Amino acid sequence: MKLLLVGESRDGRLPGEVLELFGFADVLGAETSMVLVGSPDVLPLFSGRLYLADIRLYGEYNPEVHKRLVLKAIDQERPDAVVFLHSSYGWDLAPRVAAAMKVAQVSAVTGIDGEGFTVDSCNGKMRRTVKPSTSSFVLTLQPGAFPALRISGIPEIIPIDADQATRVEYIGSRKPEAGVDLSRATVIVSAGRGIGKQEHLDLVRDLASVLGGEIGASRPVVDAGWLQRSLQVGTTGQTVSPELYVACGISGAIQHVAGMRGAGFVLAVNTDRDAPIGDVADLLVVADIVQFLPALTSRIKAWQASGF
Amino acid sequence: MNILVCIKQVPDPGGRFMPNAAATWFDDAGLVFRMNDCDEYAVEEALRLKELLGGTPEVTVLSVGPMRVVETIRKALAMGCDRGVHIDDPEASERDPWQIASMIAGHAMNRTYDLIFTGMQSEDRGSAQVGVLVAEKLGVSCVSGIMAFEWSDHSVTVERELEGGIRGIARLKSPALLTCQQGLNIPRYPTLPNIMKSKKKEISVLRPEEVGVDASLSSVAGFRHHERKNAGRILEGEVGQIADQVVAMLDAKTKVLRRGGAR
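As you go down the protein sequences, you meet chains A and B in turn. Quick note: the first sequence uses the working numbering, first residue 1, plus one each step. Quick note: the second sequence uses the working numbering, first residue 1001, plus one each step.
It should be emphasised that the hints constitute simulated quantities derived from the structure, not laboratory data. Any given hint could be a false lead.
To be verified - Think about it this way: if two alpha-carbon atoms lie no more than 25 Å apart in a straight line, the pair counts; the simulated BS3-like pairs of lysine-lysine are: (1) B:1253 <-> A:72; (2) B:1255 <-> A:301; (3) A:102 <-> B:1253; (4) B:1253 <-> A:301.
Said to hold, decoys possible - Here chain A is said to cover these stretches of chain B; the calculated rule only asks that three of the stretch's residues, wherever they fall, bring their Cβ under 8 Å from a Cβ of chain A: (5) 1053-1067; (6) 1150-1163; (7) 1180-1189; (8) 1233-1244.
Remember, predicted model here, so these are calculated numbers, not experimental data. The C-beta atom is built at its ideal place from N, Cα and C for all residues, glycine as well.
Let the sequences and hints guide you as you build the complete structure.
See the structure below:
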């Protein structure tokens, strides 16, 4: 099997997840080449052909032009599969490339199953196996699903270029608003959609307070405007590794879990026994947070008052 | 000016899922269906633009699926969309993203939509492909995963959400397709007068062969429960007793209780 991996640049660097592309190729025992719009000063290390376009010319987000560049590499390399990360770069670019090739795309692959690829569905509760019917195909890999493989070697660089005409003009980027740095917190109590109402945040705050912890949030709570976006934990928020992480009414979407996988002990409180948060929870309490959180808070207070 | 919003009906993720007989997708029985999250943001953004432009744009809402999706189209009409298009396809759940995109593009091809809004991805399948594929099939420019949208005389400025909360800013001209990320806006609830009005709004019903559907490019070789990796403990029952057990476990497994206390 011959793979063309599509690398990516974030803020002028190669993100660590790029190593997972090599990890995936290794699992398949595949022959590997890579195409990258990147800086000639920051190159991935591997032995193989690297189709390289200079990021100073082609930019970090420039999908119509990057599509042409990736297609050029495909034209020369003729791979069996073109493999992206399921990242903001990959999920945007992959369907454009698949459409141009008129081939199948399987998104957010988490595993290999015979001739097919497994993907999560129904918010992580179910798993599907999808089999491309076309002779070559496009994949995007769920970050964190395959091992990061650090390999060595010096790639053989093949410069590529493409017509720079585009209808999507990239203007620049903007950093998120600064907020509480959750990455150093020892205890984080996070609220998810399952808390039901904004008023119930007080129950989450009370628990965080007796534990001397910080409050965090999953995406829907932030989207609803109940907490500021800087408190979001997950792929597009903060990555945290507290000693204790309490997930209150958080279903455990893969993007959220990616941000708290490093926690020491995970306590999840959810009315849904089958919620995917159960995958990463050391302890899953099946209960309504409105009843359970005050009970837990008062017992912790009593325990602390008893002088341990 | 014409705007198209593409929406999908999905099961509430809190439900109990069982594979269908062929093990290709879930059985509908016992599930509660509603509008896909991201798509509500798409509907809201289209309606905000309509209001900004004094109500002149016509907003069409389209959904592909079996009869039950009409209920979700009705919700979008009650939010304020002008007309509905139902591509009545009982086989929709067996189609791949390429086929769904071909049907939507088949409808949109013969109209002149200045803007198309879709959700970034669906909650049940999450391929994040259909919107971008529709744009490619129609040959219109596209940005995925937008978190901000601004319109100024056919020029569109959007923010994309990148990893770590960074926003990328891009500008493009209509005709364009934008896939909407959760958090783009706060979707409205339908008001009673609008619910009443929506009952009179027209929904055109089209069959897949009328809009054209491509051959599939992939097939499903299995659909099953996600086997639980972590055999962490599960506690159920009376909350007071559970809370006692949790305190004991936190004390045994962590140092946070001894360190804790309100600051």
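Okay, the hints, checked on the actual structure:
1. B:1253 <-> A:72: 55 Å, violated
2. B:1255 <-> A:301: 15 Å, holds
3. A:102 <-> B:1253: Measuring from Cα to Cα gives roughly 53 Å; hence the hint is violated.
4. B:1253 <-> A:301: 18 Å, holds
5. 1053-1067: Result for this restraint: violated, n = 0.
6. 1150-1163: holds (count 6)
7. 1180-1189: holds (count 3)
8. 1233-1244: Since three or more residues must qualify, the claim that chain A covers the segment 1233-1244 of chain B holds, with 9 doing so at under 8 Å.
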